[in-house]
Amino acid sequence: MFSLESITTLVQDWLNKTFSPNLALFFEFVIVGVLAITLFAGLGLVLVLMERKVAAWIQIRLGPNRVGPKGMFQSLADTIKLIMKEGLTPDGADKFLFNLAPFIVMMVAMLVLAPIGFAKGFQIWDINIGVLYVSAISSVSVIGILMAGWASNNKYSLLGAMRSGAQMVSYELSVGLSVLSIIVLTGSLGLNDIVLSQQDGWWIFKGHIPAIISFVIFIIAVTAETNRAPFDLAEAESELTAGFHTEYSGMKFALFFLAEYINIFIVCAIGATLFLGGWMPFHIGNWESFNHVMDYIPSFLWFFGKTFFLIFLIMWFRWTFPRLRVDQLLNLEWKYLLPISMFNLILMTLIAIKGWHF
Amino acid sequence: MSAASIIFYIIAAFILGTGILAVTTRKIFRASIWLLFSLIGIASLYFWMQLEFLAAVQIIVYVGGIVVLIIFSIFLTIKSGEEMPKPILKRNIFAILAALSGLAYTARQISLYPFKKPENSAAFELKVGDIGRQMLSTTDHGYLLPFELISMLLLASMIGCIVIALKQKEPVNHL
Amino acid sequence: MFIKEYFKDIFSAIKSLLVGMRRTGYYFTHHKEIITQQYPDNRLELNLPERFRGEVVMTHDEVNEHACTGCSACELACPNGTIKIINKFDISPEGKKKKAIDTFVYHLELCTMCGLCVEACPTDAIKMANTFEHSVYTRGQLTKQLNKPDSKLRAGVE
Numbered sequence: 165m166f167s168l169e170s171i172t173t174l175v176q177d178w179l180n181k182t183f184s185p186n187l188a189l190f191f192e193f194v195i196v197g198v199l200a201i202t203l204f205a206g207l208g209l210v211l212v213l214m215e216r217k218v219a220a221w222i223q224i225r226l227g228p229n230r231v232g233p234k235g236m237f238q239s240l241a242d243t244i245k246l247i248m249k250e251g252l253t254p255d256g257a258d259k260f261l262f263n264l265a266p267f268i269v270m271m272v273a274m275l276v277l278a279p280i281g282f283a284k285g286f287q288i289w290d291i292n293i294g295v296l297y298v299s300a301i302s303s304v305s306v307i308g309i310l311m312a313g314w315a316s317n318n319k320y321s322l323l324g325a326m327r328s329g330a331q332m333v334s335y336e337l338s339v340g341l342s343v344l345s346i347i348v349l350t351g352s353l354g355l356n357d358i359v360l361s362q363q364d365g366w367w368i369f370k371g372h373i374p375a376i377i378s379f380v381i382f383i384i385a386v387t388a389e390t391n392r393a394p395f396d397l398a399e400a401e402s403e404l405t406a407g408f409h410t411e412y413s414g415m416k417f418a419l420f421f422l423a424e425y426i427n428i429f430i431v432c433a434i435g436a437t438l439f440l441g442g443w444m445p446f447h448i449g450n451w452e453s454f455n456h457v458m459d460y461i462p463s464f465l466w467f468f469g470k471t472f473f474l475i476f477l478i479m480w481f482r483w484t485f486p487r488l489r490v491d492q493l494l495n496l497e498w499k500y501l502l503p504i505s506m507f508n509l510i511l512m513t514l515i516a517i518k519g520w521h522f
Numbered sequence: 079m080s081a082a083s084i085i086f087y088i089i090a091a092f093i094l095g096t097g098i099l100a101v102t103t104r105k106i107f108r109a110s111i112w113l114l115f116s117l118i119g120i121a122s123l124y125f126w127m128q129l130e131f132l133a134a135v136q137i138i139v140y141v142g143g144i145v146v147l148i149i150f151s152i153f154l155t156i157k158s159g160e161e162m163p164k165p166i167l168k169r170n171i172f173a174i175l176a177a178l179s180g181l182a183y184t185a186r187q188i189s190l191y192p193f194k195k196p197e198n199s200a201a202f203e204l205k206v207g208d209i210g211r212q213m214l215s216t217t218d219h220g221y222l223l224p225f226e227l228i229s230m231l232l233l234a235s236m237i238g239c240i241v242i243a244l245k246q247k248e249p250v251n252h253l
Numbered sequence: 832m833f834i835k836e837y838f839k840d841i842f843s844a845i846k847s848l849l850v851g852m853r854r855t856g857y858y859f860t861h862h863k864e865i866i867t868q869q870y871p872d873n874r875l876e877l878n879l880p881e882r883f884r885g886e887v888v889m890t891h892d893e894v895n896e897h898a899c900t901g902c903s904a905c906e907l908a909c910p911n912g913t914i915k916i917i918n919k920f921d922i923s924p925e926g927k928k929k930k931a932i933d934t935f936v937y938h939l940e941l942c943t944m945c946g947l948c949v950e951a952c953p954t955d956a957i958k959m960a961n962t963f964e965h966s967v968y969t970r971g972q973l974t975k976q977l978n979k980p981d982s983k984l985r986a987g988v989e
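Residue numbers (the working numbering), protein chains in the order written: chain A, 165 to 522; chain B, 79 to 253; chain C, 832 to 989.
Just so you know, the hints here were simulated from the structure itself, not pulled from any lab data.
Hints may contain errors.
As the list claims (entries may be wrong) - Distance condition first, Cα-Cα at most 35 Å in a straight line; then the derived DSBU-like pairs of lysine-lysine:
| no. | chain 1 | residue 1 | chain 2 | residue 2 |
| --- | --- | --- | --- | --- |
| 1 | A | Lys370 | B | Lys205 |
| 2 | B | Lys168 | A | Lys259 |
| 3 | A | Lys217 | A | Lys245 |
| 4 | A | Lys249 | B | Lys105 |
| 5 | A | Lys499 | C | Lys839 |
| 6 | C | Lys863 | A | Lys245 |
| 7 | A | Lys245 | A | Lys234 |
| 8 | B | Lys245 | C | Lys863 |
| 9 | B | Lys247 | C | Lys863 |
| 10 | A | Lys259 | B | Lys164 |
| 11 | B | Lys205 | A | Lys518 |
With the hints as constraints, model all of the structure from the sequences given.
See the structure below:
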């Protein structure tokens with residue numbers, strides 16, 4: 165059976181045999197870095213095209229169809245255009261912070277990638293506090309947005325940044341609580357342990373109704389945290405032109421754009437790992453033969469399938485629902501999501517203690 | 079010098095450099111950003127020591143919480159975009175003196191404390207579950223009482239905030 | 832009761848969200864309903880909707896007769912002065928003077944395709960056509976005469 169684990173062990177063995185341990189470690193760093201950047205570039209291209217196609221089909225349009233067959237190279241052409249464009253820095257902007265902000269947002273997106281398990285035995289860093297690490301690092305990206313908004317010296321950018329900050333800070337609570345309800349079941353923060361604990365079925369099926377509720381809350385809250393419609397007040401184009409990245413152009417804008425899509429991928433990967441079993445194939449209890457058949461599908465296909473399903477769900481939201489007002493946004497979080505997820509967490513704890521889950 | 083100590087010195091230099099920049103810059107927003115980098119440097123020091131939990135908490139509390147709060151309050155201040163006036167010399171001297179005396183005091187305390195070398199490095203490995211149990215244990219070295227006290231304090235401050243933010247009723251005219 | 836209202840709110844919200852998602856999901860899976868035209872490619876078999884408004888035209892039948900009496904109701908109805916009607920007086924066989932249209936001037940460059948003139952016309956002489964390839968080199972070419980040369984008022988139209 166094809167698996168990525170054998171490739172990684174092969175590469176590691178070869179490196180350790182040919183070079184000294186320090187040098188081998190260095191080469192591994194380089195390989196991981198190159199792979200991560202390749203993944204980012206590929207994801208950016210695929211997700212932008214996917215978003216445009218999904219948008220078009222939902223609105224009964226055709227979508228991009230001129231560049232390449234079925235418009236497949238559209239996002240590639242857009243990238244080339246963005247690279248060629250001049251990166252302007254507005255007058256009166258804090259130049260240092262203005263140029264730093266897109267990199268901070270991008271670096272945060274890269275760092276969060278580390279503990280995600282893409283396939284069986286294919287994980288950059290199996291840190292024992294995986295989920296906590298993800299939520300900690302992703303809270304830094306709000307700083308990048310605030311920095312961009314401030315340094316642009318533009319009222320739209322500042323307003324967008326402040327909205328975005330308030331939104332991300334408040335929705336982080338719901339994300340945290342809904343993630344905690346799964347942590348209560350698994351008893352471990354490590355993403356690998358969480359995946360392994362779903363050997364006999366995914367948590368969304370095993371955890372009864374509380375797991376479904378926390379899944380719904382998680383999806384709503386991460387949609388808000390990635391600043392996507394219907395929660396895209398931070399960049400509401402009809403009110404704030406583009407929010408915090410109004411003044412950015414060229415490659416610096418492209419970094420913000422890419423970071424947005426990478427963040428979507430990451431939150432969907434986390435959601436897939438927590439609720440849908442990550443790379444774990446679809447298993448039902450102890451039906452050995454059924455589970456065995458499912459194991460024949462490679463684990464990275466399972467992971468990417470689930471992740472892209474969640475991404476599609478979030479895109480579906482974007483092209484269905486109208487944007488919320490600021491007061492509705494805060495009402496939704498503080499009056500509905502947070503109390504429900506707190507109550508849900510207590511319910512989940514009860515289930516975990518009594519052992520009612522499967 | 080091993081690779082680990084090189085990384086330590088790089089991180090330490092980063093923390094100190096950004097810390098100095100945070101207090102010497104004359105733009106208040108930049109000061110907060112330098113402070114942020116300094117705090118991230120401390121978190122990376124924790125990562126270097128393989129105290130992942132502490133590092134993550136450092137980032138959540140300081141970067142995600144306090145620095146964001148500072149930045150928000152800067153955003154809401156008038157004239158926060160302008161450069162601040164140069165501090166007067168006397169104030170500078172006293173600030174440096176205060177910092178140096180603090181440094182001397184801390185250094186002396188550290189040098190006096192008899193640090194024990196752990197028998198095996200495995201003792202350093204901290205599980206999150208153990209931290210949680212320690213937090214809620216009522217036995218020796220348990221943190222249940224402080225933990226609950228802090229939660230009471232936070233609850234009280236939250237209620238206070240709500241009371242302050244409550245809309246005042248229209249004053250009734252008693253003639 | 833507050834709690835009851837609260838949960839009713841949540842369930843109705845979820846229900847309405849699902850209704851919306853069902854609609855868009857329906858569109859997503861039904862590509863046959865795509866109405867977008869790939870214009871320059873399918874110029875010959877262009878299939879425009881009937882109610883598409885391209886420009887105002889005057890209908891003429893095969894003996895070159897139209898139904899415009901020159902009442903200038905359309906000129907009055909037009910919000911931005913697109914239509915200008917120049918009338919003449921025909922002498923009928925009985926020797927009576929009769930008002931008739933001389934030139935129906937239509938400024939396409941001013942027209943917003945609102946269709947108010949078509950609604951105002953009492954004799955249904957004008958209608959909105961589907962044509963939309965209006966680009967020309969000079970502005971003057973956009974000023975059109977809608978009644979064809981030597982066309983007459985159809986008998987019986989008052």
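Does Lys518 (chain A) sit within 35 Å of Lys205 (chain B), going by the straight-line distance between their CA atoms?
The given pair, whose Cα atoms are some 24 Å apart, holds under the 35 Å limit.
Hinted pair Lys168 (chain B) and Lys259 (chain A), Cα distance within 35 Å:
This hinted pair holds, its Cα atoms lying about 32 Å apart.
Are the Cα atoms of Lys245 (chain B) and Lys863 (chain C) separated by 35 Å or less?
56 Å, violated
Would the hint linking Lys259 (chain A) and Lys164 (chain B) be met if the CA-CA limit is 35 Å?
21 Å, holds
With a cut-off of 35 Å on the C-alpha distance, tell me whether Lys863 (chain C) and Lys245 (chain A) pass.
Holds - the C-alpha atoms of Lys245 (chain A) and Lys863 (chain C) are around 33 Å apart, at most 35 Å.
Run the distance test for Lys249 (chain A) versus Lys105 (chain B): straight-line Cα separation, threshold 35 Å.
Judged against 35 Å, a Cα distance of about 31 Å means the pair holds.
Restraint check for Lys217 (chain A) with Lys245 (chain A), where alpha carbons must lie at most 35 Å apart
Cα-Cα ~20 Å, so holds.
Holds or violated: Lys499 (chain A) to Lys839 (chain C), with C-alpha atoms at most 35 Å apart:
Holds, at roughly 14 Å.
Hey, Lys245 (chain A) versus Lys234 (chain A), does the alpha-carbon distance stay inside 35 Å?
20 Å, holds
Between Lys247 (chain B) and Lys863 (chain C), does the CA-CA distance stay at or below 35 Å?
60 Å, violated
Is the straight-line distance between the alpha-carbon of Lys370 (chain A) and that of Lys205 (chain B) 35 Å or less?
The hint holds at about 26 Å.
Checked against the numbered hints above, the structure violates hints 8, 9; every other hint is satisfied.
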